[in-house]
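A.B. asks: Sequence:
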Amino acid sequence: MIKKASFVISNNNPGKCPNPDRAEIAFIGRSNVGKSSLINMITGTRDLAKTSAKPGKTQLINHFMIDDRWYLVDLPGYGFAKVNKKVKDGWEAMISTYLTKRENLCGVFILIDSRLEPQGIDLEFLAWCGSEGVPSVLVFTKADKQSKAKTDLNVKAFLKKTKEIFEEEPDYFVTSAENTTGKAELVQFIEELVKEYETGEIY
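Take the sequence shown: its position 194, counted from the start at 1, is 194 in the UniProt record's numbering, and no numbers get skipped.
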């Protein structure tokens, strides 16, 4: 259970992130996948991360301190944001530098819209993370927006696609920010990653 969450810093330069002196967990996903809502849900806050109906709201690397113990990072979304190519290229360079160079990063949660059939852009990003050795976990969002059967069908289809990329199925969670589905499991998993980092088991 997360008891305290507070904003630390936003920036567009991975080199200016806080000192890498504690575990760090990042969240990323296609624009408008429900990332801000999920972050607010797991931290038990209403507006820690700014939500918006307009894709591309998050444009910076946003650090939040959780329980005075670890950092939660809200990263810009990929794809669909209506910004010019120069800005988009800048975002991609910033994100890739952060994900590959941040030494205290112990988990990247890639958000997938559970209402959709497998999207190429999500699979491409997941494959890139795999090739770069970025520790990734899948989080299917908006599970409350359709029947459980439909959610299960889309999740199964996406996982089948991941087997074409990886030998093993990635860890994954099915969530809803509206009714807190998956919150306890997700928070517990993050807690385990933080604990592993603190005890040095991931090295």
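In short, the hints are calculated from the structure, not lab data.
This structure is a prediction, so every number in the text was calculated from the model and none was measured.
The reader is advised that the hints may include incorrect statements.
Unchecked claim - The calculated DSSO-like cross-link candidates involving lysine-lysine, where the alpha carbons are at most 27 Å apart (straight line), are:
#	residue 1	residue 2
1	K161	K145
2	K148	K163
3	K50	K163
4	K50	K85
A.B. asks: In ascending order, which of the hints set out earlier in this document are inconsistent with the structure?
C.D. replies: 3
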